[in-house]
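Q: Sequence:
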Amino acid sequence: MGDNLSQFNEINFLIRDDSFSLHEEKKDNQLIVGNQSYNCIIFMLSGNIEIVTSANRTIILEPDHMYNLSMLTGPYKGKVLKDARYINLNTSALVPLINAIKLQNLIDSSHLISKEVETLKFGEVLYSYLQHIILLKKDEDIPVEMYDLKKLEFLYYMRQYHTREELAHFLHASISTHSKFRMIVYKNYTNSTTVKELSNRCYMTTKTFTRHFKTEFGVTPHKWLIKQKIDNLNDLLFNKGASIEDILEEFRFSSIIEFRQFCIRYHLDNILESFKQLKEAYLENITD
Numbered sequence: 000m001g002d003n004l005s006q007f008n009e010i011n012f013l014i015r016d017d018s019f020s021l022h023e024e025k026k027d028n029q030l031i032v033g034n035q036s037y038n039c040i041i042f043m044l045s046g047n048i049e050i051v052t053s054a055n056r057t058i059i060l061e062p063d064h065m066y067n068l069s070m071l072t073g074p075y076k077g078k079v080l081k082d083a084r085y086i087n088l089n090t091s092a093l094v095p096l097i098n099a100i101k102l103q104n105l106i107d108s109s110h111l112i113s114k115e116v117e118t119l120k121f122g123e124v125l126y127s128y129l130q131h132i133i134l135l136k137k138d139e140d141i142p143v144e145m146y147d148l149k150k151l152e153f154l155y156y157m158r159q160y161h162t163r164e165e166l167a168h169f170l171h172a173s174i175s176t177h178s179k180f181r182m183i184v185y186k187n188y189t190n191s192t193t194v195k196e197l198s199n200r201c202y203m204t205t206k207t208f209t210r211h212f213k214t215e216f217g218v219t220p221h222k223w224l225i226k227q228k229i230d231n232l233n234d235l236l237f238n239k240g241a242s243i244e245d246i247l248e249e250f251r252f253s254s255i256i257e258f259r260q261f262c263i264r265y266h267l268d269n270i271l272e273s274f275k276q277l278k279e280a281y282l283e284n285i286t287d
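With numbering that gives the first Met the number 0 applied, the sequence shown covers 0 to 287.
Source of the hints: derived by calculation from the structure; they are not laboratory data. Accuracy of the hints is not assured; some may be wrong.
To be verified - As a list, the in silico EDC-like pairs of lysine to aspartate or glutamate whose alpha-carbon atoms are at most 16 Å apart:
id: 1; residue 1: K137; residue 2: E115
id: 2; residue 1: K120; residue 2: E196
id: 3; residue 1: K136; residue 2: E115
id: 4; residue 1: K136; residue 2: E23
id: 5; residue 1: K76; residue 2: E115
What the hints assert, rightly or not - Label-pair ranges, simulated between beta-carbon atoms:
id: 6; residue 1: Y126; residue 2: L148; range: 17 to 27 Å
id: 7; residue 1: I256; residue 2: I31; range: 19 to 29 Å
id: 8; residue 1: R251; residue 2: E23; range: 14 to 24 Å
id: 9; residue 1: K78; residue 2: E248; range: 53 to 63 Å
id: 10; residue 1: R251; residue 2: I31; range: 21 to 31 Å
id: 11; residue 1: R210; residue 2: K78; range: 30 to 40 Å
id: 12; residue 1: I31; residue 2: E164; range: 22 to 32 Å
The model shown is predicted, which means the values in this text are computed figures rather than measured ones. All residues carry an ideal CB built from backbone N, CA and C; glycine is no exception.
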């Protein structure tokens, strides 16, 4: 067992995360910014880079700003106006980490989008975060799980410091290029408790749906549905202060017993403890 775990760790450390990449460019260098294979966010740490968009519009990439570049309109030819340093983030790595309901809300706000290159200014907190990314990139022994945590941290900062409308504008390029199948799943999964229900809503047999789903999402639809259910349950219970009735109705639990069985099966001890307190308050209200 110990040898197997050691071998797993050795293999895991050999896997390199390429979601983040650090770039340093000298003044007057000609370069290509963005990528034709994936959407990306450019975090400008220092210097200035001039790019020309597909509409032949000139944009100056400035320090303390992040720019969302779509693979549909990029990459862009650029010229370094002043020695520059920036971080490139492949946003394809972000999308699986965004709660599907929140992602669908952003997609539904896509009518707000008009600019080819969206930008947001970032402050000291995100600047410190980016400096930590640079330190991680210098260490070849950092496991990929650390980078997954850093991606979640970035999404947390985005939610804390920007409005939903700002996020819809900024992230549109990263979420609008998803396949039609993925969009259909996002629109229908909240009303589906089983894979069969979801496949029916997508007008597919369960077998065909499962095959497409595993190709698109990299996981079985059952595991994905459970994860979304747990994420949404956490959000409803801890962020929105839902009542027992709300939870049972929202997630179609037939009884408190069924809900407890779900939590026990998936080791949701924190939810069980919180629900226990809700139940006690609920019973007190009934007896009053």
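Q: Against this structure, judge whether each hint is valid.
A: To see whether the hints hold, each was checked on the structure:
1. K137 x E115: Violated, because 33 Å separates the two Cα atoms, which is more than 16 Å.
2. K120 x E196: Violated, because 43 Å separates the two Cα atoms, which is more than 16 Å.
3. K136 x E115: 30 Å, violated
4. K136 x E23: 14 Å, holds
5. K76 x E115: 15 Å, holds
6. Y126 x L148: 17 to 27 Å: Between Y126 and L148, where Cβ atoms are some 19 Å apart, the hint holds.
7. I256 x I31: 19 to 29 Å: 59 Å, violated
8. R251 x E23: 14 to 24 Å: 53 Å, violated
9. K78 x E248: 53 to 63 Å: Between K78 and E248, where Cβ atoms are some 58 Å apart, the hint holds.
10. R251 x I31: 21 to 31 Å: 50 Å, violated
11. R210 x K78: 30 to 40 Å: 47 Å, violated
12. I31 x E164: 22 to 32 Å: 31 Å, holds
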